[in-house]
Amino acid sequence: MSARLDVRKTYKLFIGGKFPRSESGRTYEVSADDGAFLANAALASRKDAREAVVAARKAQPGWAGATAYNRGQVLYRVAELLEGRRSQFVEEVAAGEGIKTKAAEAAVDAAIDRWVWYAGWTDKVAQVAGSANPVAGPYFNLSVPEPTGVVVVLAPQSSSLLGLVSVLAPVLVTGNTAVVVSSEKRPLPAITLSEVLATSDVPSGVVNILTGRTAELAPPLASHMDVNAIDLTGTVGAEGVAWGELEAEAAGSVKRVVRPRDSEPDWSQLPDGPRRILAFTETKTVWHPKGM
Amino acid sequence: MSFEYAPAPESRAVVDIASSYGLFIDGTFVEPEGGKTFKTVNPATEEVLADVAEAGEPDVDRAVAAARRAYDKVWSRMPGSERAKYLYRIARLLAERSREFAVLETLDNGKPIRESRDVDVPTAAAHFFYYAGWADKLEHAGFGPNPRPHGVAAQVIPWNFPLLMLAWKIAPALAAGNTVVLKPAETTPLSALLFADLLRQAELPPGVVNIVTGARETGSLLVNHPGVDKIAFTGSTPVGKRIAAEVAGSRKSLTLELGGKAANIVFDDAPIDQAVEGIVNGIYFNQGQVCCAGSRLLVQESIADELVDRLKRRLSTLRVGDPMDKNTDVGAINSAQQLERITMLSQAGEDEGATRWTAACELPEKGYWFAPTVFTDVHPAHRIAREEIFGPVLSVLTFRTPAEAVAKANNTPYGLSAGIWTEKGSRILALADQLRAGVVWANTFNRFDPTSPFGGYKESGYGREGGRHGLAAYLAEGSAL
Numbered sequence: 001m002s003a004r005l006d007v008r009k010t011y012k013l014f015i016g017g018k019f020p021r022s023e024s025g026r027t028y029e030v031s032a033d034d035g036a037f038l039a040n041a042a043l044a045s046r047k048d049a050r051e052a053v054v055a056a057r058k059a060q061p062g063w064a065g066a067t068a069y070n071r072g073q074v075l076y077r078v079a080e081l082l083e084g085r086r087s088q089f090v091e092e093v094a095a096g097e098g099i100k101t102k103a104a105e106a107a108v109d110a111a112i113d114r115w116v117w118y119a120g121w122t123d124k125v126a127q128v129a130g131s132a133n134p135v136a137g138p139y140f141n142l143s144v145p146e147p148t149g150v151v152v153v154l155a156p157q158s159s160s161l162l163g164l165v166s167v168l169a170p171v172l173v174t175g176n177t178a179v180v181v182s183s184e185k186r187p188l189p190a191i192t193l194s195e196v197l198a199t200s201d202v203p204s205g206v207v208n209i210l211t212g213r214t215a216e217l218a219p220p221l222a223s224h225m226d227v228n229a230i231d232l233t234g235t236v237g238a239e240g241v242a243w244g245e246l247e248a249e250a251a252g253s254v255k256r257v258v259r260p261r262d263s264e265p266d267w268s269q270l271p272d273g274p275r276r277i278l279a280f281t282e283t284k285t286v287w288h289p290k291g292m
Numbered sequence: 293m294s295f296e297y298a299p300a301p302e303s304r305a306v307v308d309i310a311s312s313y314g315l316f317i318d319g320t321f322v323e324p325e326g327g328k329t330f331k332t333v334n335p336a337t338e339e340v341l342a343d344v345a346e347a348g349e350p351d352v353d354r355a356v357a358a359a360r361r362a363y364d365k366v367w368s369r370m371p372g373s374e375r376a377k378y379l380y381r382i383a384r385l386l387a388e389r390s391r392e393f394a395v396l397e398t399l400d401n402g403k404p405i406r407e408s409r410d411v412d413v414p415t416a417a418a419h420f421f422y423y424a425g426w427a428d429k430l431e432h433a434g435f436g437p438n439p440r441p442h443g444v445a446a447q448v449i450p451w452n453f454p455l456l457m458l459a460w461k462i463a464p465a466l467a468a469g470n471t472v473v474l475k476p477a478e479t480t481p482l483s484a485l486l487f488a489d490l491l492r493q494a495e496l497p498p499g500v501v502n503i504v505t506g507a508r509e510t511g512s513l514l515v516n517h518p519g520v521d522k523i524a525f526t527g528s529t530p531v532g533k534r535i536a537a538e539v540a541g542s543r544k545s546l547t548l549e550l551g552g553k554a555a556n557i558v559f560d561d562a563p564i565d566q567a568v569e570g571i572v573n574g575i576y577f578n579q580g581q582v583c584c585a586g587s588r589l590l591v592q593e594s595i596a597d598e599l600v601d602r603l604k605r606r607l608s609t610l611r612v613g614d615p616m617d618k619n620t621d622v623g624a625i626n627s628a629q630q631l632e633r634i635t636m637l638s639q640a641g642e643d644e645g646a647t648r649w650t651a652a653c654e655l656p657e658k659g660y661w662f663a664p665t666v667f668t669d670v671h672p673a674h675r676i677a678r679e680e681i682f683g684p685v686l687s688v689l690t691f692r693t694p695a696e697a698v699a700k701a702n703n704t705p706y707g708l709s710a711g712i713w714t715e716k717g718s719r720i721l722a723l724a725d726q727l728r729a730g731v732v733w734a735n736t737f738n739r740f741d742p743t744s745p746f747g748g749y750k751e752s753g754y755g756r757e758g759g760r761h762g763l764a765a766y767l768a769e770g771s772a773l
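Sequences listed follow chains A and B, in order. Residue numbering for the first sequence follows the numbering used here, starting at 1 and increasing by one per position. Residue numbering for the second sequence follows the numbering used here, starting at 293 and increasing by one per position.
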């Protein structure tokens, strides 16, 4: 008797709740850290990137319009499903990042816990970042944070799941929708995450995930006129990418830009506050006269 | 029976204008190295008010170096409680010299003395007073336990509210512990230069605030100077985009307060007399040269004719003319260049088929003037419905349903402000949620307060000025991840 031959997964893109191949028909080989073949991932094109922005824009009002409590529940549900896929993520993270099973387990556990941490922020961030303003006159005056809209996330190159979760979850908290460019060399956990999202209650188009070359996908997304913000964290260690050039492209539509650090952060550290959430919000101030 | 107003001119004797001004660097006025100057004129009379130094590269270098020295040696080491007292002093001095500042502002800018006296100067003083109190409470502002300033802040301000924009920039910067190099607008440098004299009285340490006058070239030298850590710019969206592109990759912190094309939405149940006053205040305040001006009137179709009739009647009573007259409602346009832009876009409105109405009023022969103007039959695709005119020109569009009002209001790359007029509270709250604008005025318009965050969505910029939120722009922890 020979051992059973395993049934392998075709890794595809995640756009508008569907799993298309790249419209370009292209794929690229993804290897384990030791060079072993893992899979062929879709090599997304500029057109795929534009499709992803369209899907994100379409989904944005609905996601932002959900109550904060509801967004919290939906995001928490994602953590529940991540837990159920724990062993699969551990395997992918260990192979892709070239780390021991124990370290991969720690990274996956931290990623799930991080998701829970952010899920709990949905109905608190307005209380922490909003304000009742004591203006010098008979006016009601209130400031609240609102989602900025469609956010492009260049996911970290090294930390393929924990890093990804640490940059994606905060974008979603307030009601933004996301177009994620996954780690170029370690894209598989991102696609598995998209399978979790597809079977969760996160509406289609709220998260869209592209695999491929950061250097090919980032420029058209940075200059896209219907994108509100871009997180350049994943430019660190990305081949052929200069974050300053992307920031300059982003200026064309006055995008909010989160700059990368000089090196990839240690994602195992807990965030020291809701800064990543607030980086993708707008403060709205409402005035109304008071009178009898 | 008709009432005539007797002239009620404010005296310009309260302010001394020097024939020429140098650059304010390191606590003293110095001549620009290249010796270049430009003239600033009274836009209401075209009279030259003064010769003003134009800062070139060596001058900007000196100013940034002075700000750095003051930051390293004095300001960053000073306890917040001491910084606070300097800011309180400035607030008090501004209030004490308010009449002088109001007159100078009106002479250099062209805005009615009633506005500079009642809005610009008192709000500027209030801004310093508000931020003074933050200087020794930063660790309680919600930006972490040990908030740090950026260092040297480069601040470039516009000509529409010269002193008020100076206050919006300098007060939070100093409170947070930064030092400043400020560039006032080319056409309105005088109130900033008088402010330098006020700093002398306040005995602010040399170099903490430096003022370099000049045009766009000076501003570009300043924001691109490698010694600058933080940039705050208020002005047009095209220039804001250019600055953002220029500083990309430099790690300089940047906040932008840019243009707008605000919708002022009037529903059929609105208190109509108040709405008319609000529309007038929204677009004719400061001759409409306001980034958050309510330049697109969206009126519910069923009351459109009546509202526009009443609006025209009200506009016919506005007094346009001498800004120094205390009865004047609408003053001069700030510059010939701005007048040309307003004239050009208004012509485009006519050419594209909108119907033009202009208030019948006599305009002075000299100076830059534009009578309050209303366009009806405006299509959303018209230039006057899309582009920021920055003048006393209102474009009227109509809608039928609240959803249509929201869609039309949001149909712009800008997102600075919006207005809602209705008696229905639930509708106000629902609309306020859906409007993509940084400030929403409901049953009021163009209100400003030091405690109230102000700033844009989308291409109207990023960052907030005013309130606790306004501190974030001047603290490294406010933006860094």
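I should point out that these hints are in silico values taken from the structure, not numbers from a laboratory. Beta carbons: idealized from backbone N, C-alpha and C, even for Gly. Hints should not be assumed to be uniformly reliable.
Simulated pairs of lysine-lysine, DSSO-like, Cα-Cα distance not exceeding 27 angstroms [what the hints assert, rightly or not]: (1) B/K331 / B/K716; (2) A/K124 / B/K429; (3) B/K700 / A/K58; (4) A/K290 / B/K331.
Not close to chain A: a few residues of chain B, all C-beta gaps over 12 angstroms, as computed [claimed, not checked]: (5) E349; (6) A494; (7) R678.
A few chain B residues facing chain A, derived, Cβ under 7 angstroms [as the list claims (entries may be wrong)]: (8) S311; (9) S312; (10) E346; (11) P350; (12) R354; (13) A536; (14) G541; (15) C653; (16) V732; (17) S744; (18) Y754.
We went through each hint and held it up to the structure:
For the hint pairing B/K331 with B/K716, the CA-to-CA distance comes to about 52 angstroms; that exceeds 27 angstroms, so the pair is violated. The suggested pairing of A/K124 with B/K429 holds, with an alpha-carbon distance near 23 angstroms, which does not exceed 27 angstroms. For a cut-off of 27 angstroms, the pair hint linking B/K700 to A/K58 stands: about 18 angstroms separates their Cα positions. Proposed proximity of A/K290 and B/K331 is contradicted: the alpha carbons are some 46 angstroms apart, above 27 angstroms.
For B/E349, the requirement that its beta carbon stay farther than 12 angstroms from each beta carbon of chain A is met, with the minimum near 23 angstroms. The claim that B/A494 is not at the interface with chain A holds, since no C-beta of that chain comes within 12 angstroms of its own (minimum 23 angstroms). No Cβ of chain A comes within 12 angstroms of the Cβ of B/R678; the nearest lies about 15 angstroms off, and the non-interface call holds. Interface restraint check: B/S311 against chain A, minimum CB-CB distance 39 angstroms, threshold 7 angstroms, status violated.
Interface hint at B/S312: violated, since its Cβ lies 37 angstroms from the closest Cβ of chain A, which is beyond the 7 angstroms cut-off. The criterion of a C-beta within 7 angstroms of any C-beta in chain A is not met by B/E346, whose closest approach is roughly 27 angstroms, and the hint is violated. Contact between B/P350 and chain A, as hinted, is not supported at the beta carbon level, the nearest pair being about 27 angstroms apart and thus beyond 7 angstroms. Given the 7 angstroms rule on beta carbons, the hint for B/R354 is violated: about 28 angstroms separates it from the nearest Cβ of chain A.
Satisfaction of the interface hint for B/A536 is found here, the shortest Cβ-Cβ separation to chain A being roughly 3 angstroms, below the 7 angstroms cut-off. Annotation: B/G541 was flagged as interfacial toward chain A, and the flag holds, the nearest CB pair being 2 angstroms apart, inside 7 angstroms. With its C-beta approaching chain A no nearer than about 30 angstroms, B/C653 sits outside the 7 angstroms limit, and its interface hint is violated. A distance limit of 7 angstroms between C-beta atoms decides the matter here; for B/V732 the minimum to chain A is near 5 angstroms, and the interface restraint holds.
Of the supplied interface hints, the one on B/S744 holds, with its beta-carbon coming within about 5 angstroms of a beta-carbon of chain A, less than 7 angstroms. Interface restraint check: B/Y754 against chain A, minimum CB-CB distance 6 angstroms, threshold 7 angstroms, status holds.
In summary, the structure is inconsistent with hints 1, 4, 8, 9, 10, 11, 12, 15 from the numbered list given earlier, while agreeing with the others.
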